[in-house]
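> Respectively, the protein sequence lines represent chains A and B. Quick note on our numbering: the first sequence kicks off at 115 and runs consecutively. Quick note on our numbering: the second sequence kicks off at 660 and runs consecutively.
Bear in mind the hints are in silico, worked out from the structure with no lab data behind them. A portion of the hints provided could be inaccurate.
[Said to hold, decoys possible] Cut-off 30 Å, straight-line C-alpha distance, at most; resulting in silico cross-link-like pairs (BS3-like, lysine-lysine):
no.: 1; chain 1: B; residue 1: K859; chain 2: A; residue 2: K274
no.: 2; chain 1: A; residue 1: K299; chain 2: B; residue 2: K830
no.: 3; chain 1: A; residue 1: K274; chain 2: A; residue 2: K244
no.: 4; chain 1: B; residue 1: K859; chain 2: A; residue 2: K275
Since the model is a prediction, treat every value here as computed from it, not as a measurement.
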Amino acid sequence: MHFPPIALSLAGSDAPLRWREISRPIPKIKCLSKTIFSLRVAPDPPGSEEGANDLKGCQVTVENVTKSFGAFQALKGVSFSVQKGEFFSLLGPSGCGKTTLLRLIAGFDDPTTGDIRLDGASVLPLPSNKRHVNTVFQSYALFPHLSVFENVAFPLRLKKKTKRSIHAAVDEYLAMVRLEEHRDKFPSQLSGGQKQRVAIARALINEPEALLLDEPLAALDAKLRQHMLIELDTIHDNVGITFIYVTHDQQEAISVSDRVAVMNEGAVLQIGTPREIYEKPADLFVARFIGETNILEGSVIRKNGSRAEATIPGVGTVAVESGKSIAQGNNLVFTIRPEKIALSREKADIAGDDMNCLQGVVEEIIYIGFLSKYFIRIGDTTLRVFRQHADHQLSGGRAITWHDPVYVGWHAGDAFVVEVRET
Amino acid sequence: MRKNIGALYAFPIGMWITLFFAVPITIIFIYSFLTKGLYGGVVARFSFEAYRELCNESLLRTALTTFYLATIATILTLVLALPAAYYIACSRYRNTLLLLVIIPFWTNFLIRIYAWIAILGNNGFLNSLLLRIGALHHYAHFLYNKYAVVIVLMYTYLPYAILPLYTAIEKFDFSLLEAARDLGAARTQAVVRVLLPNIKAGITTAVLFTFIPAFGQYAVPQLVGGRNSFMLGTVIARELTVTRNWPLSSAIAAALTIMTTLGVLVFMRLNRSAGETIRETA
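Extracted from the complex, chain B is given alone in its bound form (with noise of 0.2 Å):
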C-alpha cells in the first residue's frame, strides 16, 4: 500500500497531462486519417488522402525552409546567449540581470511582435534612425522577408537559451579554467576545451528549448515573414482556418510532432555518442 502512494500524488499532473496533451495529440493524429467534411470539420471515413497532399512540393520546401530557420535561429541565439550567461553568472548583480532576462515575459507576445514591426516596419524606428543619420538615403525593407523572422525568433526565445545556460555556468567550478590555463591551455582553449564540455547538458537543454518551439512557431513567421519565408505552423493555421482542410492540417501538425521528435531524440544520442568517444579515445 505504501509504495503506490507516490502514484497518488502524480494523479493530479498526470490526470492533467492525459486530458490536455495526449488525449488532443491523439485526436489530432486519428483526423489526419479522416476525410474532410465539406465545410470543415472531418467525415468519419478512413482515408490516407491527407497524407498524400503532404507530399506536394510546396509543403515540402515550407518544411526544408521552417528547419533552415529554425536552426539559424538556434544557432545564432546560442552565440548570444553564451556569452551573456557567462557575464550573469560570473556578475555580482546576478539576480538584478535576471530580472532583466525575465522582463519581457510580462508583456503580451503578440503585443511584442507588433513592437518589433514598429522598429524594423518602412516608416519604423530604425529607418528613421538610418535615414536621419544619413546611412540610408532610400528606406530599406527590413520586415516581411527570412531576417526579420529570424530575428524576431531570435529575441523571442534568447530568454529561453540563456536561463539553463545560466543555471550550467553557475554550477561550473571557475578553478578548471585556472587550472586549464595553468596547464598550458590559452584562453579560448581553456573555454572550448573545459568549460564548453562541462556546460553540455546547459547547452543541449538551450538549443531544444529554442529550436522545438521555433521549428513550430506561427505567430513569427505570420506576422513578420514574407511570402518565402512561410514555416510548417503558417500552413497548419491556413489549411485550419481558411482553406479549411482539417485532415491536411492535422496530417501536417503529426508529421512535425513526430519530425521533432525524431529531431530530438537524433541530438540526445549524438550528444551522449560525443561524450563516450571522449571516454573511448583514453
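Isolated chain A (complex conformation) (with noise of 0.2 Å):
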C-alpha cells in the first residue's frame, strides 16, 4: 500500500516559526496565515524557499565508512553527506547497516575504516560525549529514576548551569513538546507518545547541530506513528537543525525527508529525494522496497531511441521508457506503480497515444477503504492494480467484479526499466 508522498507542514512561512506561536493562542490576524497547516506534495529540498539564511545544524559527511563485527561485515563503504538543515533519512531493512551507520554518528562505536565530520572536521578522536550531535533511541532510554523534567534537564545539569537557567530552558522544550503538565511524572507513568516526546526534548536541549533519531516511531501504532510524524517535521521546521533520521518503513521516510538514503545489506543503493526514490528507483531492490510495484521481464525486439518495445513472454508487447543503455535482444526488468494502471471493462476507456492496452481477468479484489487493490491475471503472472472507487462509475455504472474480463493499461512513460540485463 503506497500514498503519494504527501507531507503535513505549515505553509507560507518565510521566517521558520518559534513554538511560542504554535502553543499560544493565535495573537493576531496577521499570523493566521502562517499557521494554517496545508498539504504540500513531497517536501521541498532545503534552502529552496523557507529562507536559507535561517538553516542552523552542521553537515555531516560520511566518507568510505566500513564497520566490521568479527567476520560480519555491517557496512561496506559508505558515503553520502547530509547538509545543513537537512532532513535526511536512512531506509533499509533490519540487519542494512543503517542503525550502525547512525551510531557511528553519535560515537558509540568506531568505523573499521573511513571518516565521519561535521562541518568539515573529522570527529573520530571525540568520544560521544563531545560530538555536538544528539540521539532518540528507539527503546527512548529515558532515565527510569528521573522525572520528567529531570530527564530534560539532566544535559544542562551536567553542564553545570544555575538553577533558574535550567528552570526557563526546560519549560521551553517542555513546551514545545507539548508536555508541560506530566513535568513531575516518571518515564514509567507516561504512554509511549509522550516518552517519545520527553525523548526529542532531552536531546534538543543541548541544541545540538544534529539530530539524530533512530527508529523512533517503531514502537508507536500506527494512527500515533502518523501523529509523530507531523510533529517531528514541525520540530524540524522550528529548530532548523540538522536530522537524520534512521527507519525501515518507507512510507514515514518518503514522507517527511528531504533527501532519502536506500540501504541494503551494508551499501548505500540510491540517495535521492523522495520522488526521486519512489518515481525513479536505481535497481530492483529499490524499487520492491520502496511502495509496492509491478516488476515485469521482458525481451527488447525493437528499440527507437529511449523508448523500446518489449515482449513479455505469456502476457504481451508493451512500449517502455528507458534512461540506461538498452540494445536489441536484451533482458528488461521494469517497473509499472499500481496506482499508474487504468483499468476498465471498455477498451476505449484505455486507448491513447502511448498507451499500452493489455487484456486480462479480474481474480482478486482487496477492499481497503479509501481504495481497491485489484489482482489482474493476464497469461501467466498477476498485475496489482491500485483504483479509487469512483472509478467504478467511469465504466457504466457497474463495478468491476470478480471474474470480470478487464482491460489495463499505462503510459509508456510510467514505466521504468531497472534492470537490463544482457543476454
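Each chain sits in its own coordinate frame; assemble them with the hints.
Okay, here's the thing in C-alpha cells:
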C-alpha cells in the first residue's frame, strides 16, 4: 500500500515559526496565514523557499565508512553528505546497517575504516559526549529514576548551569513538545507517545548541531505514528537543525524527508528526493522496497531512442521508456506502480497515444477503504492495480467485480526500467 | 472459603517461622528480664540487673567496635563487589563466573576461616611469600587484629553482596549509559548519575546482606580477632558459655537485635527519602 508522498507542514513561513506561536492562541490576524496547516506534495529540498539563511545545524559527511563485527561486514564502504538543516533519512530493511551507521555518527562505536566529519572536521577522535550531535533512541532510553523534568534537565545539570536557566530552558522545551503538565511524572507513568516527546526534548535541549533519530516511531501504533511524524516535521521546521532519521518504514521516510538514502546489506543503493526514489528507483531492490509495485521482465524486440518495445512472455508486447542504454535482444526488468495503471471493462477507456493496453481477468479484489486493490491475471502474470472507487462510475455504472474480463493500460513513460540484462 | 486458601499454603512456613524464630526470640527477651542462676540458666524472678550491666563502659566500647568493624567491612565489600558484579553481568561467561562466586559455599565456613589463619599466620603463606621475595625481613603480625577481622568479614560476605548487585545490574538497561554519554556525561558521570541510582535496590540489598550478619558475627572475631577487636557476638558467646550469665547474654542479644532492626529501618528510610529528594528537586 502506498500514498503519494504528502507531508503536512506549516505553509508560507518565510521565517521559521517559534514554538510559542504554535502553542499560544494566535495573537494577530497577520499570523493566521502562517499557522494554517496545508498539504504540500513532496517536501521541498532544503533552502529552496524557507529562508536558506535561517538554516542551522551542521553538515554531516560520511566518507567510505566500513564497519566489521568479526567476520561480519555491517557497512561496506558508505559515503554521503547531509546538508545543513536537511531532513535526511536512512531507509532499509532490518540488518542493513542503518542503525550501525547512526551509532558511528553518535560515537558509540568506531568505524573500521573511513571518516565521519561534522562541518568538515573529523569527529572520530571525539568520544560521544564531546560530539555536538544528540540521539533519540528507539527504546527512548529515558532515565527511569528521574522525572520528566529531570530527564530533560539532565544535559544542563551536567553542564552545571544555574538553577534558573535550567528551569527556563526545560520549561521551554517541555512546552515545545507539549508536556508541561507531565513534568513531575516518571517515565513509567507516560504513554509511548509522551515518552517519545520527552526523548526528543531531552535530545534537543543541548542545542545539538544534528539530531540523530533511531527508528523513533517504531514502538508506536499506526495512528500515533502518523501524528508524531507530522510533529517531528514541525519540530524540524522550528529548530532548523540537521536531522538524520533511521527507519525501515518507507512511508515514514518518504513523507518527511528532504532526501532519502536507501540501504541494503551494508551499502547505500540510492540517494535522492522521495520523488526520485519512488518514481525512478535505481535498481530492483529499491523498486521493490519503496511502495508496492509490479515487476515485469521482457526482451527487447525493437528500439527507438529511449523508447523500446519489449515482449513479455505470456502477456504481450509493451512499450517502455529507459534511461539506461539498451540493445535489441536485451532482457529488461521494469517496474510499473499499481496506481499508474488504468482499469476498465471498455477498451475505449484505455486507448490513446503511448498507452499500453492488455487484456486480463479480475482474479481478486481487496477493499481497503480509500481504494481497492485489484489483482488482474494476464496469461501467467498477475498485475496489481490500485483504483479509487470513483472509477467504478466510469465503467458504465456497474462496478468491476470478480472474474470480469477487463482491460488494463499505462503510459509508456510510467514504466521505469530498473535492470538491463544482456543475453 | 476460597480466599483463605492462600493462608493455607502459607501455613507450613508460618509454623516454621513461629516455632524456630519468633518463639526463640521471645524466650531471649524474657530471659533478659530474669535473674541469673547460680551455675548458669535462669531463676524465674523479674530483674533489671542484666540491662544495668549492659551499660558498663567496656560493653559499650565493644558495641562501638562492632559497629565500626561491620561498617568498614560493608563499605569495602561493596567497593569490591560492584565492579565484580558489573563485570559478571557484562561477561559472556556469566554462568561460569557466578558458579565461581558460589563455590566457597561448598566448604564449611569454619574451615574457610582456618584457611585464612593458614594464610595470614606468622608462619603462614603470606609471610613466607613476603620473606622469600625480600619484602619483609621479619614476619609481620597479620592475624589477631582488626584488619584480620575486616579482611575475613569481607571475604565471608562478598558473595552475598555480589549476587544481589549482579541481579540488579543484569536487569539494568545499558542503553541508558549510552544515552547519558550522548547527552554529554563523561564515563564516571554516567556511572554515578545513571547506573548507581538505577541499581539502588541491589545496593540496598547488598548492604543489608553484608552489614546485618557482619554486625552479629561471632566466629570471625573469635578466631582471627585480637583482644581489641571483640565484637558483640563474641561477648554473647562468652557470657553464655564461660561466665554463664544467661540474662546478660540475652540482654546483649536483645540489644543487638533491636539495634540492627533500628539500623535497617533508618537505612531504608534514608534510602526512600533519597528517592523522594530527587523527585522534589524536579
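> B:K859 and A:K274 were given as a pair; does the straight-line alpha-carbon distance stay at or below 30 Å?
24 Å, holds
> Are the Cα atoms of B:K859 and A:K275 separated by 30 Å or less?
27 Å, holds
> A:K274 and A:K244: Cα distance at most 30 Å?
Holds: A:K274 and A:K244 sit about 16 Å apart, inside 30 Å.
> Compare the distance between the alpha carbons of A:K299 and B:K830 with 30 Å, and conclude whether the hinted pair is satisfied.
Roughly 22 Å separates the two Cα atoms, so the pair holds.
Every hint from the earlier list agrees with this structure, and none is contradicted.
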